[in-house]
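Chain residues, written in single-letter form:
There are 2 protein chains.
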Amino acid sequence: MTEVAIVGVGTTKYGRHLDRSATDLAQLAVREAIEDARDISIKDIEGFVLSSQNPEILQKQGNAVNHFSEFLGISAKFATRVEGACVSGSMGLRTGYMAVKSGMVDICLVVGVEKCYELPSGSDIMAAFSFVIDRDWEAAYGSNAPMGFAMFATRHMHFYGTTEEQLAVVAVKNRRFALKNPKAHFQKPISIDDVLNSRPVCKPLKLLDCCPVSDGASAAILVRGDLAKKFTDTPIYIKGIGQHLINENVISSLSDLTEFTALKRAAKEAYKQAGVEPKDIDVAETHDCFTIAEILEIEALGFCEKGQGGKFVEEGQTDLGGKIPVNTGGGLLSRGHPIGATGICQAGIIVQQLRGEAPEGRQVDAEIGLTQNLGGWGTSQAVVIYSR
Amino acid sequence: MTEVAIVGVGTTKYGRHLDRSATDLAQLAVREAIEDARDISIKDIEGFVLSSQNPEILQKQGNAVNHFSEFLGISAKFATRVEGACVSGSMGLRTGYMAVKSGMVDICLVVGVEKCYELPSGSDIMAAFSFVIDRDWEAAYGSNAPMGFAMFATRHMHFYGTTEEQLAVVAVKNRRFALKNPKAHFQKPISIDDVLNSRPVCKPLKLLDCCPVSDGASAAILVRGDLAKKFTDTPIYIKGIGQHLINENVISSLSDLTEFTALKRAAKEAYKQAGVEPKDIDVAETHDCFTIAEILEIEALGFCEKGQGGKFVEEGQTDLGGKIPVNTGGGLLSRGHPIGATGICQAGIIVQQLRGEAPEGRQVDAEIGLTQNLGGWGTSQAVVIYSR
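Chains as they are written, first to last, in our numbering: chain S, 1 to 388; chain B, 1 to 388.
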């Protein structure tokens, strides 16, 4: 069956872009992706997928796929916006992948964008993000993301002895990688003590255990595998793409707060499609919205045993030179998290790794890479496996 | 390559559902679709596509695909919400179609839902819908849907002599069909005089030239073609599916207000895939958000010559017994328009026609059917062709 390859990637710097609109950000990412590929112009784009979580509230702009198409100059024979909270970016990748694989289009542009700062209505940014949580059962009572992930952390500590210091190792590692990534939101080094002494957010999570919200856009160009060499000397193929959404959307429905059940299922599907096992993955970008998330993810992805994530991180196994370097782009924790863009940015970082184009201090000797992106309380998960 | 068949359809009554939440509405439509198919339970659903235009504003609920999955009891290995204003429903159908065609899933549920009345914030419903229009260039100046479509009507009248009476024929015909459809929003007969004497909205469009906003949900179950007979004796196959989005999102960018350019392209693609011509279509549901829209659509779909739509309608060619009966379900004008649901409801009506299950006064002797759904100023268009 048709293979799907990535032939161009681009991303803006993530951070606070006071001087750029959401369309400006998308434009920058798309131009970079187009220049990254060879002999593609915006007029060659046949499919256009826009991943954006909340342009309705953040930019007061619905029908965003139409709106962005005008600014980007895209006429498409397949186009849609997709949304699934924080996993929107990977939903977009998967939708673009299907558009190519099903024969609908040969060339599909996937763009993720979110401009989170400066709400036009002046409303509170956390209120805007609490929209992703069930309104009747959770958001109405003040629930928000740090609260839920703090519950995961507390249970993991209780059952497996995971420590606050181990969580801090994740934050420090990812910040160190971010210092080598000029597109990352945060650019100042941090220490374990900085993390441990940072302002409490929701016990046991402190400020530096939490990712920021960021402005930013990322783009990827997907093409039919047999056309890939026309557009680049170094196509990166999508070998497996798994997703799972479980019908447990509110945190009180979850039977186990020490593991991401949906991720185990998404990973199983992706590994099966790609014909590989966890030990075959050379480099991974995971969804470290909070430090505890990265620990739950490396366990669910099978990089280490359940309950051993804290120790695995502490031993340096997810660092450069370890068994499986994780979040070499800085992760959500330090690269930033413009919601709809994240999954696509992760793909770009793995493409860079597999091409051997990452800078020293971040480059891994890698043939097979993986990205993992989540939405909700980890109840919606996507895993993508890439190879040269 | 894999064929895709529809094996179950369901829809709520469209109207004002003061006593039902958006999830209640979805539940009703999904249960009907599941009962319409044979031997499918909610646990068999592998893919779940949710089409909803604005749950963020209308229900203050983001990540709606996760939220609805919990209420519906769906665990999916492919799931996404899609949005593209009024064409969201057909975007959903197309996404479900690709999910099956690309081999991702064998059984995909596509659900469209919108609950438009009773905004939780108490904000104005027209303000909520003006979100779909470009905020900086149009919505900020008070632009809304009737205004844009009135411009189309004025130009069509100017160039082709289309009359207000011809527009009224569309409204009266579609209302007559709605009286035979218990799921339709409006159930009182109207006359040409009623339309002509109804309250002016935006010259030349009057109240009865405009569709209502409605609450409602519709669902369709898509399966791999070779599995279809397991789930129904009367599978309806999707033979062609075309879409086009042009990079002209604001009305001032449109070079021609007398035709839907994007629709001509979407139709061409759908006809090509299905290997049929306009004359082969036996019955069609089109996006008559305003009476003028149906006239532009029958022209762009090739059912009559450009400029002749008004006359064609007046002659009864789009009525029962005419060349091509259009909107036998009542159309948006009388069936109603719960934004994200419309494209999926249209599919359900064509399925009913091709199965021969429509009531007398609506049933057409049909082998090939077509649905057409639009977003924006007709700048985003989708066409689907179905056969037994």
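By construction, these hints were calculated from the structure, which means they are not laboratory data. One thing to keep in mind: the hints can contain errors.
Result set (DSSO-like, lysine-lysine): computed pairs, CA atoms no more than 27 Å apart in a straight line [as the list claims (entries may be wrong)]:
{"#": "1", "chain 1": "S", "residue 1": "K43", "chain 2": "S", "residue 2": "K230"}
{"#": "2", "chain 1": "B", "residue 1": "K77", "chain 2": "S", "residue 2": "K239"}
{"#": "3", "chain 1": "S", "residue 1": "K77", "chain 2": "B", "residue 2": "K77"}
{"#": "4", "chain 1": "B", "residue 1": "K306", "chain 2": "S", "residue 2": "K77"}
{"#": "5", "chain 1": "S", "residue 1": "K272", "chain 2": "B", "residue 2": "K268"}
{"#": "6", "chain 1": "S", "residue 1": "K77", "chain 2": "B", "residue 2": "K43"}
{"#": "7", "chain 1": "B", "residue 1": "K268", "chain 2": "B", "residue 2": "K239"}
{"#": "8", "chain 1": "B", "residue 1": "K77", "chain 2": "S", "residue 2": "K272"}
{"#": "9", "chain 1": "S", "residue 1": "K268", "chain 2": "B", "residue 2": "K77"}
{"#": "10", "chain 1": "B", "residue 1": "K239", "chain 2": "S", "residue 2": "K77"}
{"#": "11", "chain 1": "S", "residue 1": "K306", "chain 2": "B", "residue 2": "K77"}
{"#": "12", "chain 1": "B", "residue 1": "K268", "chain 2": "S", "residue 2": "K43"}
{"#": "13", "chain 1": "S", "residue 1": "K306", "chain 2": "S", "residue 2": "K43"}
{"#": "14", "chain 1": "B", "residue 1": "K323", "chain 2": "B", "residue 2": "K272"}
{"#": "15", "chain 1": "S", "residue 1": "K13", "chain 2": "S", "residue 2": "K188"}
{"#": "16", "chain 1": "B", "residue 1": "K60", "chain 2": "S", "residue 2": "K60"}
{"#": "17", "chain 1": "S", "residue 1": "K77", "chain 2": "B", "residue 2": "K60"}
{"#": "18", "chain 1": "B", "residue 1": "K77", "chain 2": "S", "residue 2": "K264"}
{"#": "19", "chain 1": "B", "residue 1": "K264", "chain 2": "B", "residue 2": "K323"}
{"#": "20", "chain 1": "S", "residue 1": "K203", "chain 2": "S", "residue 2": "K180"}
{"#": "21", "chain 1": "S", "residue 1": "K77", "chain 2": "B", "residue 2": "K264"}
{"#": "22", "chain 1": "S", "residue 1": "K188", "chain 2": "S", "residue 2": "K239"}
{"#": "23", "chain 1": "B", "residue 1": "K230", "chain 2": "B", "residue 2": "K279"}
{"#": "24", "chain 1": "B", "residue 1": "K268", "chain 2": "S", "residue 2": "K77"}
{"#": "25", "chain 1": "B", "residue 1": "K323", "chain 2": "B", "residue 2": "K239"}
{"#": "26", "chain 1": "S", "residue 1": "K272", "chain 2": "S", "residue 2": "K306"}
{"#": "27", "chain 1": "S", "residue 1": "K203", "chain 2": "S", "residue 2": "K229"}
{"#": "28", "chain 1": "S", "residue 1": "K272", "chain 2": "S", "residue 2": "K323"}
{"#": "29", "chain 1": "B", "residue 1": "K306", "chain 2": "B", "residue 2": "K272"}
{"#": "30", "chain 1": "B", "residue 1": "K264", "chain 2": "S", "residue 2": "K43"}
{"#": "31", "chain 1": "B", "residue 1": "K43", "chain 2": "S", "residue 2": "K268"}
{"#": "32", "chain 1": "S", "residue 1": "K239", "chain 2": "S", "residue 2": "K264"}
{"#": "33", "chain 1": "S", "residue 1": "K229", "chain 2": "S", "residue 2": "K239"}
{"#": "34", "chain 1": "B", "residue 1": "K77", "chain 2": "S", "residue 2": "K279"}
{"#": "35", "chain 1": "S", "residue 1": "K264", "chain 2": "B", "residue 2": "K43"}
{"#": "36", "chain 1": "S", "residue 1": "K43", "chain 2": "B", "residue 2": "K272"}
Not the full set, but computed from the structure, chain B residues with beta-carbon under 10 Å of chain S [unchecked claim]:
{"#": "37", "residue": "T154"}
{"#": "38", "residue": "H158"}
{"#": "39", "residue": "E269"}
A virtual CB, placed ideally from N, CA and C, is assigned to each residue, including glycine.
Name the hints, by number, that the structure is in violation of. 5, 6, 13, 17, 20, 22, 23, 27, 37, 38
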